[in-house]
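Novice: Listed below, chain by chain, are the residues.
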Amino acid sequence: MRIWKTPTGWRLPTAVNNTVIGLLYIGAAFLFFVLAGILALVMRIQLAVGDQRIVTQELYNQLFTTHGTTMMFLFAVPAVEALGVMLLPQMLAARDLPFPRLSAYAIWAYVIGGLVFFSTIFYDLAPQGGWFMYPPLTTTQYSPGNNADFWLLGIGFIEISAIAGAIEIVVGTLRTRPPGMTLAKMPIFAWSMLIFAGMIIFAFPAVILATMLLELERAFGWPFFSAELGGDALLWQHLFWFFGHPEVYIIFLPAAGLVSMMVPTFAQTPLVGYRLIVVALIATGFFSFGLWVHHMFTTGIPTLSLAFFSAASMAVSIPSGIQVFSWIATIAAGRERFRMTVPSLFILGFLFIFVLGGLTGVMVAMVPFDWQVHDSYFIVAHFHYVLVGGMVFPLFATFYYWAPMVSSRMLSERLGRWTFWLMFMGFNVTFFPMHIVGLQGMPRRVWTYPSMMGWDLLNTISTIGAFIIAAGVLVFIIDLARNFRFGQVGPDNPWGAGTLEWLPNDVYSTRSIPLVRSREPLWDQQNLAEEVKNGHHFLPGAPTGGRETVVTTAIEAKPQYIIQMPGPSWTHLFAAVFTAAFFLLLTIKAVTIAITCGVLAVASCLIWAWQLDRPGKGEVDIGGDIRVPTYITGPQSHSWWAMVVLMLVMGSLFIAYVFSYLYLWTVSPDVWAPDGSPMPPHVAYPLLSAGLLVGGVALLALAYRALPDPGKRSWEAFLLLVLASCAMAAAVGIEVWGHWITGLRPDASSYAAMVYMAALLTGQGALAVIVLCLFAGARLATRQMDRVRRVTFDNAFLLYAYTAGQGLFGLLLVHGFPRLLV
Amino acid sequence: MSLFARHDSPVIGALFFLLWGPILWAGHLTIAYGGQALLCTLAASSADFDAATAIRLLIGVTTLASGLASVFGAVVPRLPFRLLLRRRPVDADDGTLIGIMRLLSALASLGILFAGVTTAVLPVCAQGR
Numbered sequence: 001m002r003i004w005k006t007p008t009g010w011r012l013p014t015a016v017n018n019t020v021i022g023l024l025y026i027g028a029a030f031l032f033f034v035l036a037g038i039l040a041l042v043m044r045i046q047l048a049v050g051d052q053r054i055v056t057q058e059l060y061n062q063l064f065t066t067h068g069t070t071m072m073f074l075f076a077v078p079a080v081e082a083l084g085v086m087l088l089p090q091m092l093a094a095r096d097l098p099f100p101r102l103s104a105y106a107i108w109a110y111v112i113g114g115l116v117f118f119s120t121i122f123y124d125l126a127p128q129g130g131w132f133m134y135p136p137l138t139t140t141q142y143s144p145g146n147n148a149d150f151w152l153l154g155i156g157f158i159e160i161s162a163i164a165g166a167i168e169i170v171v172g173t174l175r176t177r178p179p180g181m182t183l184a185k186m187p188i189f190a191w192s193m194l195i196f197a198g199m200i201i202f203a204f205p206a207v208i209l210a211t212m213l214l215e216l217e218r219a220f221g222w223p224f225f226s227a228e229l230g231g232d233a234l235l236w237q238h239l240f241w242f243f244g245h246p247e248v249y250i251i252f253l254p255a256a257g258l259v260s261m262m263v264p265t266f267a268q269t270p271l272v273g274y275r276l277i278v279v280a281l282i283a284t285g286f287f288s289f290g291l292w293v294h295h296m297f298t299t300g301i302p303t304l305s306l307a308f309f310s311a312a313s314m315a316v317s318i319p320s321g322i323q324v325f326s327w328i329a330t331i332a333a334g335r336e337r338f339r340m341t342v343p344s345l346f347i348l349g350f351l352f353i354f355v356l357g358g359l360t361g362v363m364v365a366m367v368p369f370d371w372q373v374h375d376s377y378f379i380v381a382h383f384h385y386v387l388v389g390g391m392v393f394p395l396f397a398t399f400y401y402w403a404p405m406v407s408s409r410m411l412s413e414r415l416g417r418w419t420f421w422l423m424f425m426g427f428n429v430t431f432f433p434m435h436i437v438g439l440q441g442m443p444r445r446v447w448t449y450p451s452m453m454g455w456d457l458l459n460t461i462s463t464i465g466a467f468i469i470a471a472g473v474l475v476f477i478i479d480l481a482r483n484f485r486f487g488q489v490g491p492d493n494p495w496g497a498g499t500l501e502w503l504p505n506d507v508y509s510t511r512s513i514p515l516v517r518s519r520e521p522l523w524d525q526q527n528l529a530e531e532v533k534n535g536h537h538f539l540p541g542a543p544t545g546g547r548e549t550v551v552t553t554a555i556e557a558k559p560q561y562i563i564q565m566p567g568p569s570w571t572h573l574f575a576a577v578f579t580a581a582f583f584l585l586l587t588i589k590a591v592t593i594a595i596t597c598g599v600l601a602v603a604s605c606l607i608w609a610w611q612l613d614r615p616g617k618g619e620v621d622i623g624g625d626i627r628v629p630t631y632i633t634g635p636q637s638h639s640w641w642a643m644v645v646l647m648l649v650m651g652s653l654f655i656a657y658v659f660s661y662l663y664l665w666t667v668s669p670d671v672w673a674p675d676g677s678p679m680p681p682h683v684a685y686p687l688l689s690a691g692l693l694v695g696g697v698a699l700l701a702l703a704y705r706a707l708p709d710p711g712k713r714s715w716e717a718f719l720l721l722v723l724a725s726c727a728m729a730a731a732v733g734i735e736v737w738g739h740w741i742t743g744l745r746p747d748a749s750s751y752a753a754m755v756y757m758a759a760l761l762t763g764q765g766a767l768a769v770i771v772l773c774l775f776a777g778a779r780l781a782t783r784q785m786d787r788v789r790r791v792t793f794d795n796a797f798l799l800y801a802y803t804a805g806q807g808l809f810g811l812l813l814v815h816g817f818p819r820l821l822v
Numbered sequence: 001m002s003l004f005a006r007h008d009s010p011v012i013g014a015l016f017f018l019l020w021g022p023i024l025w026a027g028h029l030t031i032a033y034g035g036q037a038l039l040c041t042l043a044a045s046s047a048d049f050d051a052a053t054a055i056r057l058l059i060g061v062t063t064l065a066s067g068l069a070s071v072f073g074a075v076v077p078r079l080p081f082r083l084l085l086r087r088r089p090v091d092a093d094d095g096t097l098i099g100i101m102r103l104l105s106a107l108a109s110l111g112i113l114f115a116g117v118t119t120a121v122l123p124v125c126a127q128g129r
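Just so you know, the sequences run in chain order A and B.
Here the first sequence is numbered in this note's numbering, starting from 1 and rising by one per residue.
Here the second sequence is numbered in this note's numbering, starting from 1 and rising by one per residue.
Incorrect hints may appear among the rest.
[Said to hold, decoys possible] Derived pair list, reagent style SDA-like, types lysine to any residue, alpha-carbon separation capped at 25 Å: (1) K558(A) - A5(B); (2) K712(A) - T782(A); (3) K533(A) - Y508(A); (4) K533(A) - Q268(A); (5) K589(A) - S226(A); (6) K712(A) - Q764(A); (7) K533(A) - V489(A); (8) K558(A) - D8(B); (9) K558(A) - R88(B); (10) K558(A) - S45(B); (11) K558(A) - R86(B); (12) K558(A) - L3(B); (13) K558(A) - H638(A); (14) K558(A) - G13(B); (15) K558(A) - G95(B); (16) K558(A) - A92(B); (17) K617(A) - I3(A); (18) K558(A) - P89(B); (19) K558(A) - T96(B); (20) K5(A) - S408(A); (21) K589(A) - T782(A); (22) K558(A) - G99(B); (23) K558(A) - D50(B); (24) K589(A) - L137(A); (25) K617(A) - P629(A); (26) K558(A) - P10(B); (27) K558(A) - F16(B); (28) K558(A) - D91(B); (29) K533(A) - R627(A); (30) K533(A) - L3(B); (31) K558(A) - V11(B); (32) K712(A) - V788(A); (33) K617(A) - V788(A).
[Unchecked claim] Covered stretches of chain A, going by a simulated chain B footprint (3 or more residues, C-beta under 8 Å): (34) 173–182; (35) 277–284.
These are calculated hints, taken from the structure and not from any lab test.
Virtual Cβ for every residue (Gly too), placed ideally from N, Cα, C.
Go ahead and model the full structure; you've got the sequences and the hints to work with.
Specialist: Following this line, the structure appears as structure tokens:
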């Protein structure tokens, strides 16, 4: 208990327990929901009748941009990620997620970055380009000033925080399940969070690349999106929607996972079609990556391409439908009548609204219909039905359902019913008329409209509805405030649920980690709660004397080793503050202070990392006559897994770059390279660069052999690490120098910008590799790394090999294509 | 009785097994969409190049190959199971994995077919407006 104690007073921000930072995370996300909702109310007042002049056009543009951006980036994704951080360890009966400080870092970075971004609305600094920020509207020519930069740097940075959370969730779900909880016995919410995190890993890098390209164009004139220099504004749309469409399902899938957890409880029967639901989650996740062009049906793309994406858009409705039917079947198959509680009301509300949104989704998946309603209020109605129905209603059901687990007190049934009915009625009153006004021709993102258009009445109704929703949210806030003071203290498992989060738990999760034999262990294993509470299952004590949990194999969930986890610290907090400062100060062009903050952020991360990789304490008994090691390296180690996931993120970013390179070539092959461009550098330059990359990997392989025995020091391995770092730096430097001396400049054409971008992306990875190699060298020099205790070395080696591979591919692309083709 | 299964499944193998159909579907969409864009670009710069035949051939062959592979996964899942997980299915958990894989493959086959047939009915490089 003492080991897991939450810091109090001024040390509270150093806490890393998932129960504490998860609450901060969900609290911050809800705050952003309320703030963005207030902006929506201002917009609705402005649109209540025609010819209004309450806000200016510029402010209105800032309002809808900040509303959309906040709802999507600062509320929806963080809210579901927060639920993952808070609920997953409890559902998996893990002591915590495997990288508690990484979670805490991601959360603090998001809170700080999010608040600064949102505050721009008060200083006339908010962006005006809509939540998808299309160029050329957002290039410096049409969006001068820093407003757009706040979006580009702020959101790019917040996405990095989301990726950090996704890495945590992937490794946590696959490696910290309780013994016996095989993949086939995993709770549906864990499946949905696994797919959610996988989608973040593959989708978010595309928009990170897009924001990098647009910021480079705005700050330094690299013309990726300027048609006159060979660029194409549609490249942004491709990159943005490759992220943006999966984003809808990134938000929806965890919410669907939550519904799949609640419905069986209220029906008191196992979920009907567990396999079908898993199929639906995976299929939706996959298909969602094949839909991005359906946001671009009106941009003039070849008809055949539209057909591919129209087909995929309709296909995705099949798995969504499977889930809906499965929930209905579970309700129908219940051992007793479906209990009508507040969470059930929100679930039924979700089903009604989401199905309507899905139906209009199939309508807009048809190209001719989409052409008619594109950029009209019909689309605004459609996506609010999908997003609010698909995510906000399940979220409120979640609040009511899991509140007793978090605070041991129930929320009020009476106030909850008021909240539901106000929100349900308000929602439909607000958004249903928008379908009609959209079909009547009202375009979205207009700050006012002439009264003679006949749109006034429907808009007035929508505005009234918006205030009814607000009243519902207000009642919920009152209920929440009451809960923590007067709420009724409930039993450990007030709903009679079957999953592990309802075991008696504390800051360390459960007293012992149960052996799981079914999907609803609390229903199927009699006396499990009592046995767990009495410490009769795994890891009842703390054999290493610190924070720890059991790591199990990814498929069969066999106990593998004990992970020693770090406790509270200031380092991740400072790292988050300085990272946020770095990005935000860059936005206002305070370059010197920004770089200082960047260095301080890296220093904080290094101090944080220095405290990890503690030596093992031999094999320990975890119960059930099972002894496991307390330190492990190589492909079985959780840190290896995290590094592999990070490499997948970097790989996705690079694939998005390769797509961009080839895309611009297909758009303007005649200017690839433009007339008058210098000849490419002599082939010796890329060959030398490639040689250095391969040589660096060979040096690290030698360093691996030279790692010393425990307690010893190896200057040979140290020297090889330093040499490998130099080789990596030289490889990137030679590639850039080779192009520079030919006279090619990145601002000359989109071709030139893409050529330098390959080196920039490899250089970014190279910088991380060099820091990691030097860090490993420092640990080697201080006898904290050897051939047994070598997690840091393994990570450096993995990242080095990946970066070298990416560098080689980049060289082949830039020097070989299209030269070798034509 | 042992508390845990005797076997250890390779993670990458299990991942590829589960995602057999969706991976084929993703490959099909990439080749169809990317191939069409590439061939249309080449056709625009060369009057002699018959883009329509090339695209129909490419997408037709890809649809046939990936569609058959996906249907194969749905109909005979035990073979890819043994190939990728390097053991025979033994328990109910394996049955669940196989069930998920079969349904995903069946869905993916539909997706592949749905996208593939469009080539037969639509012009290959004409702009959408």
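Novice: For the pair supplied as a hint, K533(A) and R627(A), is the alpha-carbon distance within the 25 Å limit?
Specialist: holds, 22 Å
Novice: State whether the coverage of the segment 173–182 of chain A by chain B holds or is violated, taking the criterion as 3 or more residues with Cβ-Cβ distances under 8 Å.
Specialist: Our answer is that it holds, as 4 residues pass the Cβ test (under 8 Å) against chain B, meeting three.
Novice: Would you check the hint for K5(A) and S408(A), treating anything up to 25 Å between C-alpha atoms as holding?
Specialist: Holds: K5(A) and S408(A) sit about 18 Å apart, inside 25 Å.
Novice: Between the alpha carbons of K558(A) and P10(B), is the straight-line distance 25 Å or under?
Specialist: This hinted pair holds, its Cα atoms lying about 13 Å apart.
Novice: Just to be careful, I want the Cα atoms of K712(A) and Q764(A) compared with a cutoff of 25 Å; is the pair within it?
Specialist: violated, 33 Å
Novice: If you draw a straight line from the CA of K589(A) to the CA of S226(A), is it 25 Å or shorter?
Specialist: holds, 23 Å
Novice: Mind taking a look at whether chain B covers the segment 277–284 of chain A? Criterion is 3 or more residues with CB to CB distance under 8 Å.
Specialist: holds (count 4)
Novice: With the threshold set at 25 Å, check whether the alpha-carbon distance from K558(A) to G99(B) stays at or below it.
Specialist: Since the Cα atoms of K558(A) and G99(B) sit roughly 23 Å apart, the hinted pair holds (cutoff 25 Å).
Novice: K558(A) and V11(B): Cα distance at most 25 Å?
Specialist: holds, 13 Å
Novice: Between the alpha carbons of K558(A) and D50(B), is the straight-line distance 25 Å or under?
Specialist: Between K558(A) and D50(B) the Cα gap is close to 58 Å, so the pair fails against 25 Å, i.e. violated.
Novice: Straight-line Cα separation of K558(A) and H638(A) no greater than 25 Å?
Specialist: holds, 14 Å
Novice: Between the alpha carbons of K558(A) and F16(B), is the straight-line distance 25 Å or under?
Specialist: OK: K558(A) and F16(B) at ~21 Å, within 25 Å.
When held up to the earlier numbered hints, the structure conflicts with 6, 10, 21 and 23 and fits the remainder.
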